[in-house]
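Take a look at the letters that make up each chain.
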Amino acid sequence: MYKAIRSESFAAWAFMAPGLLFLAVFTFWPIIYGVPLSLTDYSVITETHFVGLDNFIRAFQDHNFLISLWNSLVYVLVVPVIQIISILMAILVNSRIPGVKMFRAAYYIPVVTSMVAVALIWSWLLGNNGVVNYLLLKVGILSEQVSWLSTSSTALYVLMFITMWKGLGYYMMLYLAGLQGIPADLYEAARVDGAGPLRLIIHVTLPLLRPHILFCTVISVMGAVRVFDEVYILTKGGPGTSTLTSSVYIFQKGLEQFNFGYASALGLIVSVMVAALSVLVFRLNRRGGVNTY
Amino acid sequence: MTTNRKGFTVSLLLVVMMSMLLAACGGNDNTAGTPSPGNTGETGAEAGKPVTLEFWTIALQPTFNDYFNELIAKYESSHPGVKVEWKDYPYDAISQRLLTSTASGKSPDVVNLNTEFASQLGSKGALLNLNEYLTDEEAKSYFEGIYNSTVLDGKAYALPWYTGTEVLFMNTKLVKEAGLDPANPPQTREELVEWARQVHEKTGVAGYAQQLISKLFPIDGIPILNEDKTAAAFNTPEAEAMIAQMRDLMAEGVVLKEDAEFSKQIQYFSGEQVAFQLSGPTFINFIKKSAPDVYKNTIAVTLPTGKANLRLSNSMDLVVPQKSKKTEQAVEFAAFITNAENQTAFSKVANTLPSSKASIEDPFFTQSDGSLEAEAKVASSQSLDKATDYMVGVPNAGDINSALARGLQEILMNGADIKETLNAVEKEVNQILNQES
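Residue numbers (the working numbering), protein chains in the order written: chain F, 1 to 293; chain S, 294 to 730.
Wrong hints could be hidden among the right ones.
[Stated by the list, open to error] DSBU-like, lysine-lysine: derived pairs with alpha carbons at most 35 angstroms apart:
1) S:K650 / F:K236
2) S:K433 / F:K138
3) S:K469 / F:K138
4) F:K236 / S:K616
5) S:K380 / S:K448
6) S:K417 / S:K712
7) F:K138 / S:K600
8) S:K720 / F:K236
9) F:K236 / S:K581
10) F:K138 / S:K557
11) F:K101 / S:K469
12) F:K138 / S:K448
13) F:K236 / S:K433
14) S:K495 / S:K399
15) S:K522 / F:K138
16) S:K376 / F:K236
17) F:K236 / S:K582
18) S:K712 / F:K138
19) F:K138 / S:K589
20) F:K236 / S:K712
21) S:K448 / S:K433
22) S:K367 / F:K236
23) F:K138 / S:K616
24) F:K236 / S:K600
25) S:K367 / S:K712
26) F:K236 / S:K399
[Unchecked claim] Just a few of them, taken from the derived set where beta-carbon distance is under 8 angstroms, the chain F residues facing chain S:
27) T40
28) S43
29) V44
30) T46
31) H49
32) G52
33) N133
34) T151
35) T154
36) Q257
37) N285
[Said to hold, decoys possible] A few chain F residues that face chain S, going by a derived Cβ cut-off under 10 angstroms, partial list only:
38) L66
39) N94
40) S95
In short, the hints are calculated from the structure, not lab data.
Glycine included, every Cβ here is placed at the ideal spot set by N, Cα and C.
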């Protein structure tokens, strides 16, 4: 028994236990508890009744919920754009140009800035008589001001841009770490065989980054579907339902209208959708990494 | 690897055990019979046993500490055996706080809520029906319009406390630039629109910014629901006309084409991007420090009412949650805070209006010393007797208001067809109403 306690793996588990405990209480338990909750009409302040699958049936007839699912799926379009741009940025920032470390820091600053501050600043930049409108009018791209966040055709894409702007640095750092794990002799060998910079990227860098691309894509997809902060702060789902994403809708149902049972059901449906998307991403990714060559 | 598995199993068991323990502690349902540790006899129905009332307010500490501490001391000395514990929370936190405390079985006794929230909770049965506790005289001491804003099915869920009605703030510099005379302000909504148009033409600045909310319908005499609250009633030609006019005004630039929240409206007025602002006297607090130049040029006059001659007020109320264990004392305390004498005193300190009829007779509310605050106060206290916090008054009012707001956004921001959108929203609202049975 003492041998077991003194063993390395026991120490490892002991160190992880507080973190696991925290996860269990604040992440796993609420998820598990959400399942029975979704079968009731719990609202804290009124009597709770068991309603079976009513919430789920209602969810699929709920016009606004279906719109929010669609908007969340559209939001996933931000993923390929972010990934491609961050890989390119990581490649650029990986070079030996003097002063490049400053760029690494600069690109990472949006990531560590509070989303509330970022959202507020963008709302001023994008507002009527804001800097963006001013510049575009001056340059002649626009002939009159556009209400970027109040026009349904642009609002969602503007939000996606803000999410992208904030998240690029994060993925860039992850890819940078991946790039620095690629053995330099592979590049040497390829150059000897006459490969130019573009072919180097396509045939050496990308295949060896595959595991990183897989990881980043999966968390990016999850983040895109679950996006909340920028949407809630800037548009609250409006105008109309053009920026109503699933998290915002669930929040409104649960914490603003106190339909916790219904909100739990919606949350479960969204989780299933995210899980399905993740499986899809895994399947689309063939094995890659350092063992490719 | 047996050691690995043992370590894993031990830790997993530990984690599962702890989470079960924590869940058991926090997972109580809404059973009222939770044993309360420590406190003295909670039934409180017998006189003589010391009773502690928990009193919650929104954003009143520390500014009004003196006023309340004095008031509470006065109450405690005249009601021996009753102690009042005063807690204060910011506006966004109070609903969460109330929820979590209700869920854990320790409900506060007297809570300060705005009418919308009080109406929502009342319709879900979470608040005490005050009609069973108040005398007729007490109930009639408040302005009817405001008092009835939270009466649903004959049950009164809130005691009105401090309130405010909307006034018209004008940036005199811009108004004069447009060739208009601020000493003769617009008397009707139509005149206000004309003024806004002229300001826009002569100065290029917009008239005012507006939030697209469901109250725009009743202001122009269009009811949201029918009399029995069983069906939507807003899909009328009058509604189409009202929305069409708003759309035209936005296209002209007379009204800013935006669903402007209060914070945005403050920005626009402070930045002199609009010449008028329609809101309560507390607006002054926001521009006084942040835009002193604009503050100097601002005056407040009575806001012309819309077609329905409806004076909308925004009231803060006091409610007693159903789960309170000291209901009699709680209602008594709430009635004390909202009686005429105390409301008058509070209004003087806080720059708000009282909701009790007797208070308004105090000359404080009709005399102006020329400052913007005084002007706004005088302007907003007129027609307080006709004021009402318009509430839809059904349990899913929040959903209905959202549907209407979204419909307005679709039409005015996204250019959707008015008739089609009104039809769609009507269908949605009727669906929402049907879900309540």
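Hints versus structure:
1. S:K650 / F:K236: 39 angstroms, violated
2. S:K433 / F:K138: 62 angstroms, violated
3. S:K469 / F:K138: 31 angstroms, holds
4. F:K236 / S:K616: 32 angstroms, holds
5. S:K380 / S:K448: Judged against 35 angstroms, a Cα distance of about 27 angstroms means the pair holds.
6. S:K417 / S:K712: Status holds; Cα separation ~33 angstroms.
7. F:K138 / S:K600: 43 angstroms, violated
8. S:K720 / F:K236: Holds. K720 of chain S to K236 of chain F sits at ~23 angstroms (cutoff 35 angstroms).
9. F:K236 / S:K581: Roughly 29 angstroms between the alpha carbons, so the hint for K236 of chain F and K581 of chain S holds.
10. F:K138 / S:K557: OK: K138 of chain F and K557 of chain S at ~25 angstroms, within 35 angstroms.
11. F:K101 / S:K469: This hinted pair is violated, its Cα atoms lying about 56 angstroms apart.
12. F:K138 / S:K448: 60 angstroms, violated
13. F:K236 / S:K433: 40 angstroms, violated
14. S:K495 / S:K399: Between K495 of chain S and K399 of chain S the Cα gap is close to 60 angstroms, so the pair fails against 35 angstroms, i.e. violated.
15. S:K522 / F:K138: Not satisfied, since the Cα-Cα distance of roughly 53 angstroms exceeds 35 angstroms.
16. S:K376 / F:K236: 42 angstroms, violated
17. F:K236 / S:K582: Distance ~29 angstroms between K236 of chain F and K582 of chain S Cα, so the pair holds.
18. S:K712 / F:K138: 38 angstroms, violated
19. F:K138 / S:K589: Answer holds: K138 of chain F to K589 of chain S is near 33 angstroms, not above 35 angstroms.
20. F:K236 / S:K712: 25 angstroms, holds
21. S:K448 / S:K433: 14 angstroms, holds
22. S:K367 / F:K236: 45 angstroms, violated
23. F:K138 / S:K616: 61 angstroms, violated
24. F:K236 / S:K600: 31 angstroms, holds
25. S:K367 / S:K712: Distance ~58 angstroms between K367 of chain S and K712 of chain S Cα, so the pair is violated.
26. F:K236 / S:K399: Holds, at roughly 32 angstroms.
27. T40: Since the shortest Cβ distance to chain S is 10 angstroms, the answer is violated.
28. S43: 7 angstroms, holds
29. V44: 5 angstroms, holds
30. T46: Result: holds, 5 angstroms to nearest chain S Cβ.
31. H49: 12 angstroms, violated
32. G52: With a closest approach of 16 angstroms, the G52 of chain F hint is violated.
33. N133: Violated - the Cβ of N133 of chain F stays beyond 8 angstroms from chain S, reaching only about 13 angstroms at its closest.
34. T151: 6 angstroms, holds
35. T154: 11 angstroms, violated
36. Q257: Given a least distance of 5 angstroms, the restraint on Q257 of chain F holds.
37. N285: 29 angstroms, violated
38. L66: 13 angstroms, violated
39. N94: It is violated, given that the least Cβ distance between N94 of chain F and chain S is near 38 angstroms, above 10 angstroms.
40. S95: Not OK, violated: S95 of chain F not within 10 angstroms of chain S, min 43 angstroms.
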